[in-house]
Amino acid sequence: MKKKLFCAALLASFTAIMMTGCGQSSGADSSSTEQQSQDDTKDETASTTEGGKLVYWSMWEATEPQGQAISQAVEAFTADTGIEVDLQFKGRTGIREGLSPALDAGTAIDLFDEDIDRVNTTWSTYLMDLEELVKSSDYESTASQGLIAACREVGGGTLKSIPYQPNVFAFFYNTEIFEEAGVTKAPATWAELLDACEKIKAAGYTPITCDDAYITSMFGYHMSRLIGEPAVETIVKEGKWDDPAVKKTAEDYAELASKGYFSETIEGNVWPAGQNSELALGTAAMYLNGSWLPNEVKDIATFKWGCFSYPALEGGVDGIDAANYGAQVFAINKDSKNAESAFQLIEYITKGEYDKVLSELSVGIPSDTRNTQWPEMMESVKPVMESMKVRYPWAAGAEANADLTPIIKENFLKLCGNTMTAQEFVDAMISAGK
Amino acid sequence: MKKNKTMIVAFTAPAVLMFMIVFLYPICRTFAMSFFKIEGVTDNVSKWSFVGISNFIRLFQTKLFLTSMWNMFRIWLIGGILVMCLALLFAVIITSGIRFKSFFRAVIYMPNIVSAVALATMWLQYVYSPKFGLLKSLFTTLHMDKLAKIQYLDTTNKFWALLFAYCFGMVGYHMLIFASGIERIGAEYYEAATLDGANKVRQFYFITLPLLKGVIKTNITMWSVSSVAFFVWSQLFSTVTADTATITPMVYMYLQIFGAGNSVTERNAGLGAAIGVLLSICVVIIFWVCNLALKDDDIEF
Chain A
8 MKKKLFCAAL LASFTAIMMT GCGQSSGADS SSTEQQSQDD TKDETASTTE GGKLVYWSMW
68 EATEPQGQAI SQAVEAFTAD TGIEVDLQFK GRTGIREGLS PALDAGTAID LFDEDIDRVN
128 TTWSTYLMDL EELVKSSDYE STASQGLIAA CREVGGGTLK SIPYQPNVFA FFYNTEIFEE
188 AGVTKAPATW AELLDACEKI KAAGYTPITC DDAYITSMFG YHMSRLIGEP AVETIVKEGK
248 WDDPAVKKTA EDYAELASKG YFSETIEGNV WPAGQNSELA LGTAAMYLNG SWLPNEVKDI
308 ATFKWGCFSY PALEGGVDGI DAANYGAQVF AINKDSKNAE SAFQLIEYIT KGEYDKVLSE
368 LSVGIPSDTR NTQWPEMMES VKPVMESMKV RYPWAAGAEA NADLTPIIKE NFLKLCGNTM
428 TAQEFVDAMI SAGK
Chain B
60 MKKNKTMIVA FTAPAVLMFM IVFLYPICRT FAMSFFKIEG VTDNVSKWSF VGISNFIRLF
120 QTKLFLTSMW NMFRIWLIGG ILVMCLALLF AVIITSGIRF KSFFRAVIYM PNIVSAVALA
180 TMWLQYVYSP KFGLLKSLFT TLHMDKLAKI QYLDTTNKFW ALLFAYCFGM VGYHMLIFAS
240 GIERIGAEYY EAATLDGANK VRQFYFITLP LLKGVIKTNI TMWSVSSVAF FVWSQLFSTV
300 TADTATITPM VYMYLQIFGA GNSVTERNAG LGAAIGVLLS ICVVIIFWVC NLALKDDDIE
360 F
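So the sequence lines, in the order shown, correspond to chains A and B.
Counting in this note's numbering, the first sequence runs from 8 upward without gaps.
Counting in this note's numbering, the second sequence runs from 60 upward without gaps.
Since the hints were derived computationally from the structure, they do not count as laboratory data.
A portion of the hints provided could be inaccurate.
Unchecked claim - Here are some, though not all, of the chain B residues that point toward chain A, as calculated from beta-carbon distances under 8 Å:
1. Val100
2. Val104
3. Gln120
4. Leu123
5. Leu125
6. Gln184
7. Thr298
8. Ser322
9. Gly335
For clarity, every value in this text was computed on a predicted model and none was experimentally measured.
Where a beta carbon is used, it is the ideal one built from N, C-alpha and C, also for glycine.
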């Protein structure tokens, strides 16, 4: 009998150990950085967080500039308010893969951040309506009206996210090459772009380079300038590749390729080859990319940056006031018991001193309109950002169909590499769309 | 010895239970999911909508998925032949009593202890770079201008560039398995064969190869599993957005479950589950064919 009891106890302990192994203690993530209150006198304020610590899942890595700035802000926030924050840096793929399952499993996460479209579309069911919190703190008076409007638009008419780290997708260029080549004005039309390319080529530089990761944006922008972004999405999703705009786009790009305006290696540039070894090193002049580009190559590029919106096309629907502009956004979990504290933290990061720190460290655009001083490398982005009226989604709709993106990418790379004609491009896309 | 059935059941129960929870339940759930349209991978069952076998039909009608299957097949077959032949050759050389055996074994195995991210970066930014690449410099020095001008990462050559880089790292792993198999074969067989006048090549064909059947089967199975699960290298050779030259079914599955690139695209975890089911069937078929073709139970040594 004793033996049986012993065995039963042993079994129970085995099972318990196995089960414990499967469990996860809260905040056990190795990348988590707990910001401890350093001032015991602040303990009383800390009681405002009903659920204990404020849990913040961040899309950044702790080591990148944005992560460093956010860590500083969170540390100061805890010191100021006494509210402890469990800051977990998940990284881009970590949060993309892990947030939904964690929230579905009931993990206590008070706030998180990611791209404006993913938060408001993919994770829309987890979001708290922030209208009241925004109103009571008068948040909007010092926020970018355009971005707040964009957040409301993607949030289905109500504000469910707070933008920060604004960005715009446009042509970034090396002003020194432009000056040397005698290009005095940033191109605003296609004819002006062709003229600039000719001068830059004559000066001995590569006018335009790109990488495989961003090549579809060129296609999307050109198409959207011609027929508007919604029409581009229709073509991409419904396979209407016989639209004349497709052929016109292919012909315009075939012209760029045949005149030698693209990098010789554009077809084989795997990111970040083009941006690092051509644009940043000063052998190529232009690159269509996001305003995060100067930050990514700041250790290589020494020139003064210029920025202009994708040129307008003759007879096109959209002008230079349309682009993929947006931001990363903060959102609060609709089940959070600490919404007010979470919003307080969002304000702390996106306003005043720490918005400035974030902007400086990440060479990014500030989100607080009172921070009028943009980083020097971003000065040329300011007029472009401020002129934006029409918002495109990522790649101006060219990547709206996941089944087709790699096929557009392959054929467009061939077109830019001058190994495919405009008609061959159209035929390939018609065949792929069937 | 008296068998206590209750105790056997009691002691195996935790392991069986854990097996069922950790392996059996996900397998059954994935199989069930493949017949539904499910937006989020962890969506509640009440949100699933039954679509029958249409996920499978859609997969076979999608050109990109078929391209991904074709890429996977080429990685498995061409890469498999290349890796197995080289691994076997190196294993035979290493076990033949050469000097500095441990050194060579360590050198060939080395790529396995380096992170795939670091290896892929080396291949992409150093070896294949059309500007500063090893291949470009080498061919330029040798005045082989045509070869120096090749863009190893363009849409035509990217698949081969990826395959070569991947195989380079895998040879050492399979070589170790072959080498351990060869070392198991008694030296007396080779001594007897040498006395009978058989040269090294005949010894390889008539002693080593037949006695390695079991190890060959193990290697093929492991190669097949890693080919079917081919993901990281593909992602590293086409960052942000997938491309036709490097996409594999696992990458396609990822696009369907978590969305593609930076865009917000339609998600369907049911379609992802259907891909999982198809890939499992592939592995089972390969394993079954291997078992039929390579019967090693008739040899004892």
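Hints, verified against the model:
1. Val100: holds, 7 Å
2. Val104: Cβ of valine 104 of chain B sits 12 Å from chain A, so the hint is violated.
3. Gln120: violated, 10 Å
4. Leu123: Because about 5 Å separates leucine 123 of chain B from the closest Cβ in chain A, which is inside the 8 Å limit, the hint holds.
5. Leu125: violated, 11 Å
6. Gln184: At about 7 Å, which falls below the 8 Å cut-off, the nearest Cβ of chain A leaves the hint on glutamine 184 of chain B intact, so it holds.
7. Thr298: Hint holds; threonine 298 of chain B Cβ to chain A Cβ min 5 Å, cut 8 Å.
8. Ser322: holds, 4 Å
9. Gly335: violated, 16 Å
Hints 2, 3, 5 and 9, counting from the list given before, are not met by this structure.
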